[in-house]
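**Q** Take the sequences, apply the hints, and build the full model.
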Amino acid sequence: MPRTMLTEKQWVTLSQLMRNTRRVYNKYEHRMTFEGILYRMRTGCPWRDIPKAFGEWNTIFRRFNLWSRKGIIHILFNELSRTSDSKYLFIDGTIIRAHQHATGAATEENEEIGKSRGGNSTKIHLAVDSHGYPVNFELSGGHRNDIVFAEKLVKNSPTCDFTVADKGYDSEKFRAYLTGIKGSTPMIPRRKVNLLNNDHMDWELYKVRHFVENAFAQIKHFKAISSRYDKLARNYSSMAALSLIMMWIPKYR
1 MPRTMLTEKQ WVTLSQLMRN TRRVYNKYEH RMTFEGILYR MRTGCPWRDI
51 PKAFGEWNTI FRRFNLWSRK GIIHILFNEL SRTSDSKYLF IDGTIIRAHQ
101 HATGAATEEN EEIGKSRGGN STKIHLAVDS HGYPVNFELS GGHRNDIVFA
151 EKLVKNSPTC DFTVADKGYD SEKFRAYLTG IKGSTPMIPR RKVNLLNNDH
201 MDWELYKVRH FVENAFAQIK HFKAISSRYD KLARNYSSMA ALSLIMMWIP
251 KYR
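The letter at position 7 of the sequence shown is residue 7 when you use full-length UniProt numbering, and the numbering goes up by one with no holes.
Treat the hints as calculated values from the structure; they're not laboratory data. Every residue gets a Cβ at the ideal spot worked out from N, C-alpha and C, and that includes glycine. Be aware that a few hints might be false.
Cut-off 30 angstroms, straight-line C-alpha distance, at most; resulting in silico cross-link-like pairs (DSS-like, lysine-lysine) [said to hold, decoys possible]:
| hint | residue 1 | residue 2 |
| --- | --- | --- |
| 1 | K9 | K220 |
| 2 | K70 | K220 |
| 3 | K192 | K70 |
| 4 | K223 | K27 |
| 5 | K182 | K192 |
| 6 | K220 | K152 |
| 7 | K231 | K207 |
| 8 | K251 | K223 |
| 9 | K223 | K152 |
| 10 | K87 | K192 |
| 11 | K231 | K87 |
| 12 | K27 | K87 |
| 13 | K207 | K223 |
| 14 | K87 | K115 |
DEER-style ranges, computed between Cβ atoms [to be verified]:
| hint | residue 1 | residue 2 | range |
| --- | --- | --- | --- |
| 15 | P2 | Y28 | 15 to 25 angstroms |
| 16 | K223 | R62 | 18 to 28 angstroms |
| 17 | D199 | E29 | 52 to 62 angstroms |
| 18 | H200 | I147 | 11 to 21 angstroms |
| 19 | T4 | L196 | 30 to 40 angstroms |
| 20 | I181 | A106 | 16 to 26 angstroms |
| 21 | Q100 | I181 | 23 to 33 angstroms |
**A** So, in structure tokens, the structure goes:
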């Protein structure tokens, strides 16, 4: 029997949240189907290589694709992240290499895959709370700048007292959005070329920005996250949401 990732209590929590959506039937086999999806996320294997102990691979994929289309996994993530401590919000982005099998989707969209010097890639823009737990994320092509998605990332995140980010978010327009619209104090250092100084910075708080880097390091332990194999942005987004759920779920041991 392959290794599973959920305790009984954790599965009961997730199962109840899934039923609360009124979009998922309460079926006995869902436990092993969910574990099969987690196995694929952890190993990055092709769907057809998922061990039969979890069920038929095509059943597991169809169920994942259905839940992805219905937004079920995102709903689970949003429900679990409701308990976040939003005094501080730490934001950043990381580039994910897209495997050659992730390209060529039969759609007219770019599926959030962009070309850069390193080849095809996707970027995950992530926001974490005061304790490093994820509260929101967005996908883009890997060639897109962090600042382009900053407002959207913060807009859909909990209201916070301070927003902490690196120099990649050095923008007076973004600072004005944080203070004027979100009511949050920006803790973003200015670049050396900026004529204004950094007297506003709380450097001790800025050091804690490693929380968002730690979150990236944690989800990249899953091979289907550290490399993108999914053709559809919708499915990779659901897989990313699942990896972030696994940061919250240890609270329910």
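**Q** Checking each numbered hint in turn, tell me which of them this model violates, lowest number first.
**A** Hints 3, 7, 11, 12, 14, 19, 20 and 21 not satisfied by this model.
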